[in-house]
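Just so you know, the protein sequences line up as chains D and E, in that order.
According to the working numbering, the first sequence is numbered sequentially starting from 20.
According to the working numbering, the second sequence is numbered sequentially starting from 20.
To be clear, the hints were calculated from the coordinates, so they are not data collected in a lab.
Do not rely on the hints blindly, as some may be mistaken.
Copies of the same chain are indistinguishable here, so a pair counts whether it falls within one copy or spans any two.
Restricting the straight-line Cα-Cα distance to at most 27 Å, the calculated cross-link-like pairs of lysine-lysine (BS3-like) are [what the hints assert, rightly or not]: (1) K41 <-> K461; (2) K364 <-> K86; (3) K460 <-> K41; (4) K398 <-> K364; (5) K460 <-> K398; (6) K86 <-> K398; (7) K461 <-> K398; (8) K460 <-> K260; (9) K86 <-> K260; (10) K86 <-> K461.
Number of protein chains: 2
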Amino acid sequence: MGRRLAVIGGDAGGMSAAAVAKRREPELDIVVFERGSYTSFSACGIPFHVGGEVDPLEELVARTPQKHRENGLDVRMGAEVVGIDLGARELTLADDSQEGFDELLVATGARPTPPPIPGIEAAEASRTLAEGGRLRAAIDAEGSGGAVVLGSGYIGLELAEALVRQGVETTMIDVADQVFGVLDPEMAAHVQRAAEGLGIDVRLETQAEEVLLDAGGRPRAVRAGGNEISTRHVIVATGVKPAVQLAEEAGMTVGESGALAVDDHQRAAGQEGVWVAGDCCESHHRILETAVNIQLGTHANKQGRVVGINVTGGDLAFPGVLGTAITRICHLDIALTGLTERQAKEAGFDYVVETIETDTRARYMPGSERMWVKLVAEKGTGRLLGGQIVGGATAGKRIDSLAMALWAGMDVESLMWVDLSYAPPVSGTLDPVLVAARAIKKLV
Amino acid sequence: MGRRLAVIGGDAGGMSAAAVAKRREPELDIVVFERGSYTSFSACGIPFHVGGEVDPLEELVARTPQKHRENGLDVRMGAEVVGIDLGARELTLADDSQEGFDELLVATGARPTPPPIPGIEAAEASRTLAEGGRLRAAIDAEGSGGAVVLGSGYIGLELAEALVRQGVETTMIDVADQVFGVLDPEMAAHVQRAAEGLGIDVRLETQAEEVLLDAGGRPRAVRAGGNEISTRHVIVATGVKPAVQLAEEAGMTVGESGALAVDDHQRAAGQEGVWVAGDCCESHHRILETAVNIQLGTHANKQGRVVGINVTGGDLAFPGVLGTAITRICHLDIALTGLTERQAKEAGFDYVVETIETDTRARYMPGSERMWVKLVAEKGTGRLLGGQIVGGATAGKRIDSLAMALWAGMDVESLMWVDLSYAPPVSGTLDPVLVAARAIKKLV
Numbered sequence: 020m021g022r023r024l025a026v027i028g029g030d031a032g033g034m035s036a037a038a039v040a041k042r043r044e045p046e047l048d049i050v051v052f053e054r055g056s057y058t059s060f061s062a063c064g065i066p067f068h069v070g071g072e073v074d075p076l077e078e079l080v081a082r083t084p085q086k087h088r089e090n091g092l093d094v095r096m097g098a099e100v101v102g103i104d105l106g107a108r109e110l111t112l113a114d115d116s117q118e119g120f121d122e123l124l125v126a127t128g129a130r131p132t133p134p135p136i137p138g139i140e141a142a143e144a145s146r147t148l149a150e151g152g153r154l155r156a157a158i159d160a161e162g163s164g165g166a167v168v169l170g171s172g173y174i175g176l177e178l179a180e181a182l183v184r185q186g187v188e189t190t191m192i193d194v195a196d197q198v199f200g201v202l203d204p205e206m207a208a209h210v211q212r213a214a215e216g217l218g219i220d221v222r223l224e225t226q227a228e229e230v231l232l233d234a235g236g237r238p239r240a241v242r243a244g245g246n247e248i249s250t251r252h253v254i255v256a257t258g259v260k261p262a263v264q265l266a267e268e269a270g271m272t273v274g275e276s277g278a279l280a281v282d283d284h285q286r287a288a289g290q291e292g293v294w295v296a297g298d299c300c301e302s303h304h305r306i307l308e309t310a311v312n313i314q315l316g317t318h319a320n321k322q323g324r325v326v327g328i329n330v331t332g333g334d335l336a337f338p339g340v341l342g343t344a345i346t347r348i349c350h351l352d353i354a355l356t357g358l359t360e361r362q363a364k365e366a367g368f369d370y371v372v373e374t375i376e377t378d379t380r381a382r383y384m385p386g387s388e389r390m391w392v393k394l395v396a397e398k399g400t401g402r403l404l405g406g407q408i409v410g411g412a413t414a415g416k417r418i419d420s421l422a423m424a425l426w427a428g429m430d431v432e433s434l435m436w437v438d439l440s441y442a443p444p445v446s447g448t449l450d451p452v453l454v455a456a457r458a459i460k461k462l463v
Numbered sequence: 020m021g022r023r024l025a026v027i028g029g030d031a032g033g034m035s036a037a038a039v040a041k042r043r044e045p046e047l048d049i050v051v052f053e054r055g056s057y058t059s060f061s062a063c064g065i066p067f068h069v070g071g072e073v074d075p076l077e078e079l080v081a082r083t084p085q086k087h088r089e090n091g092l093d094v095r096m097g098a099e100v101v102g103i104d105l106g107a108r109e110l111t112l113a114d115d116s117q118e119g120f121d122e123l124l125v126a127t128g129a130r131p132t133p134p135p136i137p138g139i140e141a142a143e144a145s146r147t148l149a150e151g152g153r154l155r156a157a158i159d160a161e162g163s164g165g166a167v168v169l170g171s172g173y174i175g176l177e178l179a180e181a182l183v184r185q186g187v188e189t190t191m192i193d194v195a196d197q198v199f200g201v202l203d204p205e206m207a208a209h210v211q212r213a214a215e216g217l218g219i220d221v222r223l224e225t226q227a228e229e230v231l232l233d234a235g236g237r238p239r240a241v242r243a244g245g246n247e248i249s250t251r252h253v254i255v256a257t258g259v260k261p262a263v264q265l266a267e268e269a270g271m272t273v274g275e276s277g278a279l280a281v282d283d284h285q286r287a288a289g290q291e292g293v294w295v296a297g298d299c300c301e302s303h304h305r306i307l308e309t310a311v312n313i314q315l316g317t318h319a320n321k322q323g324r325v326v327g328i329n330v331t332g333g334d335l336a337f338p339g340v341l342g343t344a345i346t347r348i349c350h351l352d353i354a355l356t357g358l359t360e361r362q363a364k365e366a367g368f369d370y371v372v373e374t375i376e377t378d379t380r381a382r383y384m385p386g387s388e389r390m391w392v393k394l395v396a397e398k399g400t401g402r403l404l405g406g407q408i409v410g411g412a413t414a415g416k417r418i419d420s421l422a423m424a425l426w427a428g429m430d431v432e433s434l435m436w437v438d439l440s441y442a443p444p445v446s447g448t449l450d451p452v453l454v455a456a457r458a459i460k461k462l463v
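When you get a sec, could you build the whole thing from the sequences and use the hints?
As structure tokens, this is what we get:
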């Protein structure tokens, strides 16, 4: 028997590593343990299935277990790893069987964090494909009773919009004083207005206290902020935490972010032949210069690739993240990269900010919509620290040019002259990113 | 009387210079001579007026002469400068009057280049607002007789689409063997298919030989490639050349590109107190490292700003261009930046190319469309040299992230790891730009 790589977790991080490793070293014995019933699925796509835009659910599966097996991977479905013995190089599975390994990749992803309130066990979720399918089925079966979404981040907003699309009366509750907590508050206010415009009942600074159940054990109301909100569905979208318990019990190091610590080659900190990728691991933030934990399929894919290369004799560093993110909610693009004002402040930067309001197209073009660009730059040096964009359709993808500028360490003075594209159907004479750079340049 | 700046040309280059200079030095006496009847208008928007998307024509005027006058500029409309005496610091106007100056800005723009064939004087054009208005009126009055567009570049394609929108049977003729000559041929083939799909009759390698006129002197047919094409409208879109005659006669230097030579501060080569901005001047191409002439409002705006700052005691260099361009034609985004394969070859680079076909959104999302990204990179170093994008709605603006990468001098290995944004409604897990970088990386 040759060298064996065991992979815990069959989604983006685990499967991209497995696929790359197999391609580079076909004789490597690769076994993947996935406790669920799908591999390589798009969790990000679940709200669009709930909203009826994507059907059937299986559309969200990029590659089935069968497909992976045809490529030479030993993929075990419904196989939950419950113990790791790093010394003995052995995994224990839920059925008490043992599996040996030479190299191990921990790609256990993230787990939801429902609020610990009475009745929460009757709530629905949308983290896995199976949960997404159940949620959609429940809405199809009985949507008229209304829904309460706990949490107003990406997933909360996307689900709330999906529910409204399906004709479900929807209330969104968050303990925070703004929606979409990763944005600065005045940018998030645009998002809240759009959500309310769509008919979502947004209740902020509101703590969910209890899910009240009917005789059949199903939700009949949520008690929150002293009120009772009648509902048939309670959906948890209060965020996720890296799933590190298994690895931590095995003696692996958890960093300050709460995720597994790695070096820049995706090696578990202080371990030989143990790798980590995806939502459960830390990433180097290129602007903060600290380790952060960001759950996103694009990072998982890249980190898995780094593991796949390094585990087969390569020498490749993952160059880190900027915190770039985007979504489209309620006809509004929302995107950010690098630091928000809040993050710049917390990290102790001496910074300036500027926000411009402009148009997605030449103002005279039909379909032109309002958009806002907020930039954060370092005072004195003018180095770009981050950007946020909120606005009409197509506004958001402009965040990529800011991400590229951040990646290259550009200052806002250079940024304002870059030869970005212009034509009336897609931009004003100066792209909004350039307009924003011009505006903030005066302050640095 | 204080120091006087005379500006020849009241569009983007001239007016942005005048506006910036006035803001910085209110006591500067600024006089603008514009031979037409509009200032600061969007020539790029004319096809959308012809197509009926933008109405009335005046929507395309960003700032009227009156508005400029309120800001303290002396704007003379219908005022054609016919002579420049740089020694005597004096201009001669068409009415034989003289106007003195201390500083001069030449912003004379570009002029159309209709083919020198019999009957061409009966053709219509769309370079100025007045021409655009006349063309639209002519189509409104008699669209049923069909139209022949000479030229298949940006303007030719945009006009052909506008005419088809208005229900006009449209033939587009070009002597070249591909449409959209600035793209590489296989990328242009997608554009041709889209144009034909919209119903435009595209005839390549076809020389227009004569415009045949009726008894009233109006077009009745075009003779081209040995055929006669019946038509009521012939529209010239065969490109423009920098309008340099006036300046050349005054002794200013014309560069190899055919446009006026400038230093990096937009000073006319070898002249003191004489400036050039916009379509009539050369720009430094950052990848070719030569002077080029690119007619685009976004450059004119930036160069005008540089003049406005330097003429009022500032010290600012225009950092050059990449040749970034974008348009949306026949439901297709078309964009490029840096060098095409053809340009890289002509310039003697040792290069590799790669083209990927992918989707504008996650493949399972409704509204996802095909798109193609072609990259050119330097062999050995992997330095990005250029990119082209053709594809469905929203594909094109991704060119800006490539432009930013080019500006920063990135190589394709760095590029493939950049933290670009991902969400199913706007991108696959890896943005197409990253997918293309991964693909070309293997070849460098």
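Okay, the hints, checked on the actual structure:
1. K41 <-> K461: Answer is between; shortest inter-copy Cα gap is 18 Å, intra-copy 53 Å.
2. K364 <-> K86: neither (48 Å within a copy, 41 Å between copies)
3. K460 <-> K41: Result: close only across copies, 20 Å inter versus 49 Å intra.
4. K398 <-> K364: Within one copy, since 12 Å is at most 27 Å while 43 Å is not.
5. K460 <-> K398: Answer is within: at 10 Å inside a copy they meet the 27 Å cutoff, but 37 Å across does not.
6. K86 <-> K398: neither (52 Å within a copy, 35 Å between copies)
7. K461 <-> K398: within (11 Å within a copy, 40 Å between copies)
8. K460 <-> K260: neither (38 Å within a copy, 35 Å between copies)
9. K86 <-> K260: Neither: 30 Å inside a chain and 57 Å across chains, both beyond 27 Å.
10. K86 <-> K461: Between copies, since 25 Å is at most 27 Å while 55 Å is not.
Comparing the model with each earlier hint shows violations of hints 2, 6, 8, 9; every other hint is respected.
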